[in-house]
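Trainee: Residues per chain, in single letters:
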Amino acid sequence: MIASAERRRLAGQGLTLAGLLLLACLASLLWGAGDVGAERALAVLAGHGDEEARFVVGTLRGSRTLVGLAVGMALGVAGALLQAVSRNPLAEPGLLGVSAGAAFAVAIALLLGTSAATLRVGVAQLGALLGCLCVLGVARFRGLGNDPVRLVLAGAAFTGLLSALTTLLLLFDQRAADEIRFWVVGSLSGRRLEDLLAVLPSLAVAAAITLVIARPLAALALGERLAAGLGHHPGRVRLLVILVVALLVGGATAIAGPIAFVGLVVPFAARALAGPDIRRSLWLCLLLGPLMVIIADVISRRLVAPSELPLGVLTALCGAPVLIAVVRRRRLPML
Amino acid sequence: MNVAACSLEARELTLAHDRTPVVVDLDVRLPAGQVTAIVGPNGCGKSTLLAGLARLHSPQSGHVLLDGNDIVRLPARELARRLALLPQEARAPEGLTVAELIGFGRQPHQSWLRQWSAEDRRVVDEALAAADLHALADRPLESLSGGQRQRAWIAMIIAQQTSLLLLDEPTSALDLGHQLEVFELVRHLADEGRTLAMVLHDLPIACRYADHLVAMREGRVVAAGPPGEVVTRELVRELYGVDCVLMHDPQSGAPILTGLRRIR
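These protein sequences, in sequence, are chains A and C. Residues in the first sequence are numbered consecutively from -18, following the numbering used here. Residues in the second sequence are numbered consecutively from 5, following the numbering used here.
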């Protein structure tokens, strides 16, 4: 199905993106929190360097970069899956209230006094799952192929509602409010390796399921009946996708807070590069997602140094124009 | 292509939408190696019957037998290797090329361990040749004419390598020239030994291109057989409430309807 020239082109894109991602990770290690300049950081990477620099680069920035990688991959892939299963180019976990559902669930958990990292991951994933089901239920999932904007409207309403409820919760408990406020803007700042380790198992499960459902999901792009005619079970695939999206978005949100638009921009770019078949664009999402998150994170540290912009603000600044561009196109691209 | 003859029949089949029976206690057989057209007025249940034959619609009662075995018991992939369906609302994502689309037809033959293979490529090539689409293989679907696009969809189910092909109104949105383009391909597939069934809403076209006609009304078969034998003035009146004069095509002998007049 894929001609060899096409295969080479894809490999070229993959390698280029991997190179860019490597550069972004390097930048993320060189600049950032802590009073360690690029030169001292480079010395650490070269294998020497002083104790303080080693701590800042290895522990603080290193784990932050790893968290960025994981969050970017999770959000990019989740966006691509959600768009494929709803056949809607605007389906984005942040816009659809999946992130908001996760955030609301975590806010409740924090209010109730939990702080164990693993528990928070589970709670966020449950919230994401409920958010997913609510929005898709409200917007009546199946018939939406022809009206992508309606799904986004339902998601916006749901996100608004949940954000309001989250804010309301903050009024009850000032102590929890500080912790939540720090988390609810969406940021990689101060995230530790333990946070990442807590979500890694569920991300691995999500990856495994994704590998299994990629083929039927690609067929689902041709229509439900056609996919069934090819020997797939569309209902089963759809449920699995929702489960995977909840695992990914819940996991990412548990570490970094709600970060919008990554799941919109990344699959959009991946499709532009790799074409409409999700089996190909997913691989690019794995690279493009962390690329966007890490670049945005580096910029967020540098732009108003020594203080930081929240990452969620920056991704929204990059993402909103893309959303507007997609919606403004005379005809929405069909998935 | 190696296509073994195979038979598909419905026995006392009842299909329902939300408990409202749409196909009622229906018996039908698709003659092997022939083109069957299922015709009838709007809402007579012909598309539902086709979906039922492809197991997209589970029967309320009765059976669909593929070579004597109830299709309900066949695993989905096994069924997809023996029976292919082109639904009416088939729509491809933007940018998908003809060859990529046809590649999807290979999915029932692929698995986790057996990904894209040289055999798949060969079959896609054959399907491109059968549908006369080699020159357009790398073109995105949306850049094709309606007839070419429909041929590409049919080529996709050709690549499924099934001996049974079911098409739901394959020509409904096409102009006359493009319709003929599709029917010629259908004819060619039947001549190679495949069994085809298609839902059509155009009776004269069905008479011209089908070997076997199944006429339905209100969920039941009112006539079945070669068009030249079953199409009568009375049948047309019963199906559509239309009076007509029946003639015969001097070339093919197929029935032609003229002097159509609606009966009040």
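Treat each hint with caution, since some may be false.
[Claimed, not checked] Cβ pair distances, simulated, as ranges:
(1) A:Val186 to C:Trp120: 24 to 34 Å
(2) C:Leu69 to A:Leu146: 28 to 38 Å
(3) C:Arg77 to A:Arg(-11): 43 to 53 Å
(4) C:His138 to A:Ile190: 33 to 43 Å
(5) C:His252 to A:Leu134: 50 to 60 Å
(6) C:Ser62 to A:Val186: 25 to 35 Å
(7) A:Val186 to C:His138: 38 to 48 Å
[As the list claims (entries may be wrong)] Stretches of chain C that chain A covers, calculated by requiring three or more beta carbons in the stretch to come under 8 Å of a beta carbon on chain A:
(8) 126 to 140
(9) 192 to 204
[What the hints assert, rightly or not] Covered stretches of chain A (in silico footprint by chain C; criterion: 3 or more residues with CB under 8 Å from a CB of chain C, positions within the stretch not fixed):
(10) 205 to 214
(11) 254 to 267
Everything labelled a hint here was simulated from the structure, so no lab data went into it. Note that CB positions come from ideal geometry on N, CA and C, so glycine has one too.
Trainee: Now, for every hint given, state plainly whether the structure supports it.
Mentor: Here is how each hint holds up against the structure:
no. : hint                              : verdict
1   : A:Val186 to C:Trp120: 24 to 34 Å  : 26 Å, holds
2   : C:Leu69 to A:Leu146: 28 to 38 Å   : 56 Å, violated
3   : C:Arg77 to A:Arg(-11): 43 to 53 Å : 45 Å, holds
4   : C:His138 to A:Ile190: 33 to 43 Å  : 38 Å, holds
5   : C:His252 to A:Leu134: 50 to 60 Å  : 58 Å, holds
6   : C:Ser62 to A:Val186: 25 to 35 Å   : 32 Å, holds
7   : A:Val186 to C:His138: 38 to 48 Å  : 44 Å, holds
8   : 126 to 140                        : violated (count 1)
9   : 192 to 204                        : violated (count 0)
10  : 205 to 214                        : holds (count 8)
11  : 254 to 267                        : holds (count 3)
Going through the hint list in order, the structure does not satisfy hints 2, 8 and 9.
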